[in-house]
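**Q** As a plain string of letters, each chain reads:
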Amino acid sequence: MSNIIDFLARMGASATLRTSGKADLANALTASDVEPTLAAAILAGDDAALRDRLAPGKFFGIQLDQDEPEEQDDGDEESSVRFAQRRA
Amino acid sequence: MTEAAPGSLACVGVGMTLGSHLTPLARSHIESADVVFVAVSDGLVEQWVRQMHADVRSLQGFYADDKPRQATYREMVDTMLAEVRAGRKVCGVFYGHPGVFAQAPHEAIARAREEGYAARMEPGVSSEDCLYADLGIDPGRVGCQHFEATQFMLNRRIVDPSAWLILWQVGIAGDLSGGRFETDPARLALLVEVLARHYPETHEVAVYRAATLPFQEPRIERLPLAELPRIALGMSDTLAVPPCRALEPDPIVRERLAALNTQT
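Keeping their order, the protein sequence lines are chains Z and C.
Just so you know, we're using my numbering here: the first sequence kicks off at 48 and counts up by one.
Just so you know, we're using my numbering here: the second sequence kicks off at 75 and counts up by one.
Don't take each hint at face value.
[As the list claims (entries may be wrong)] SDA-like mimics (lysine to any residue), calculated; alpha carbons at most 25 Å apart, straight line:
| no. | chain 1 | residue 1 | chain 2 | residue 2 |
| --- | --- | --- | --- | --- |
| 1 | Z | Lys-105 | C | Pro-303 |
| 2 | Z | Lys-105 | C | Pro-259 |
| 3 | Z | Lys-69 | C | Ile-294 |
| 4 | Z | Lys-105 | C | Glu-202 |
| 5 | Z | Lys-105 | C | Ser-310 |
| 6 | Z | Lys-105 | C | Asp-139 |
[To be verified] To be clear about the criterion: a stretch of chain Z counts as covered by chain C if any three or more of its residues have a C-beta under 8 Å from a C-beta of chain C, and this derived list gives those stretches:
| no. | stretch |
| --- | --- |
| 7 | 58-67 |
| 8 | 91-99 |
[Said to hold, decoys possible] Partial chain C-side listing against chain Z, Cβ under 10 Å, derived:
| no. | residue |
| --- | --- |
| 9 | Trp-122 |
| 10 | Ile-246 |
| 11 | Leu-287 |
| 12 | Glu-291 |
The hints are simulated quantities; they were obtained by calculation from the structure and are not laboratory data.
For glycine and all other residues, C-beta sits at the position ideal for the given N, C-alpha and C.
Whenever a hint applies, use it, and build me the whole structure from the sequences.
**A** Below, the structure written as structure tokens:
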């Protein structure tokens, strides 16, 4: 597990790996001793296969939800802005 | 007897792409914390964060289909603040930028400060940043307006069709329940109707999603506006609408500026 995550982190930080062709990427995966089926998924750009193997299950993205603004008694625009910022 | 160290909270972002966007400061916050909470949208990214600290706790367990997201956010905030109140140095790790389209980090920081604890947010590379790079948009060229998709539908916004329009969270567009993590053709058809007040239905728009893993390409799918209800959209998708008309010059202001130019 850790060497595939290490490889992805290294790839993410490497201009060479991120722009290399498949042959160079395959060599780098072999050199990093990444398991052949996981290496094949990376070479095929198959992120779903990689997630199924290493991090199965649904992952949710944190979102921002809409609150209808409460009525402001004094109609003060500045306080309305502060309210919106606080709730954002 | 020594007094317990006061708790603190730092909310940081890991950026959009695993390994590419984490700032040295964000990494330092993660590594130096007593406890790390993580809310990222990809299990592999979560694994990556787990390698940075011995005590990383996922906030994913608070999400559930059909559970009100507001309840999820409250639980996330309460969980992080409980550790802060216990005197621990807490780091909340979120994907992208922790303060962009993310309710829990803002709320957690505000509440921690209200209770007298040190709390700060460190910026991360957001989906917006990636969008500019991947779609080749410079927001300074003709301007760029950003709205949350459901808010855009629910309210009459002033839209400038001579600038770019970016609609975030289009993958949950039209959700009034606060518990859905998807949209559907009927809601997207209504969104198209709202957009058609300002843009022709033949206008080409782009669905965009930043790459999460370094071997992935971003999703960039161009289509006529009217086709939007017929494609599959996910939680991380964004709609980018290019301008459909030229900038409209203001001759009066131009004349006045020209006059000032000749005087100075």
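**Q** Does the alpha-carbon distance linking Lys-105 of chain Z and Ser-310 of chain C stay inside the 25 Å limit?
**A** The given pair, whose Cα atoms are some 13 Å apart, holds under the 25 Å limit.
**Q** With a Cβ-Cβ cutoff of 8 Å, does the stretch 91-99 of chain Z contain at least three residues near chain C?
**A** Result for this restraint: holds, n = 4.
**Q** If you draw a straight line from the CA of Lys-69 of chain Z to the CA of Ile-294 of chain C, is it 25 Å or shorter?
**A** Holds, at about 22 Å.
**Q** Is Lys-105 of chain Z close enough to Asp-139 of chain C, meaning Cα to Cα at most 25 Å?
**A** It holds: about 10 Å lies between the C-alpha atoms, which stays within 25 Å.
**Q** Would you mind confirming whether the straight-line C-alpha gap from Lys-105 of chain Z to Glu-202 of chain C stays at or under 25 Å?
**A** Within the cut-off at roughly 24 Å; holds.
**Q** Just to be careful: measuring from the Cβ of Trp-122 of chain C to every Cβ in chain Z, is the smallest value less than 10 Å?
**A** Constraint on Trp-122 of chain C satisfied, holds at 5 Å.
**Q** Are Ile-246 of chain C and chain Z close enough, Cβ to Cβ, to be under 10 Å, as the hint says?
**A** 7 Å, holds
**Q** Holds or violated: Lys-105 of chain Z and Pro-259 of chain C, Cα atoms, limit 25 Å.
**A** Holds, because 22 Å separates the two Cα atoms, which is no more than 25 Å.
**Q** Does Pro-303 of chain C lie within 25 Å of Lys-105 of chain Z when you go C-alpha to C-alpha?
**A** 24 Å, holds
**Q** Closer than 10 Å between Cβ atoms is the bar; does Leu-287 of chain C clear it against chain Z? Give me holds or violated.
**A** 5 Å, holds
**Q** With chain Z as the partner, please determine if Glu-291 of chain C meets the hint condition of a C-beta pair closer than 10 Å.
**A** Hint holds; Glu-291 of chain C Cβ to chain Z Cβ min 7 Å, cut 10 Å.
**Q** Do at least three Cβ atoms from the stretch 58-67 of chain Z come closer than 8 Å to Cβ atoms of chain C?
**A** Three-residue rule met by the stretch 58-67 of chain Z, so holds; n is 5.
Consistency note: the structure conflicts with none of the earlier hints.
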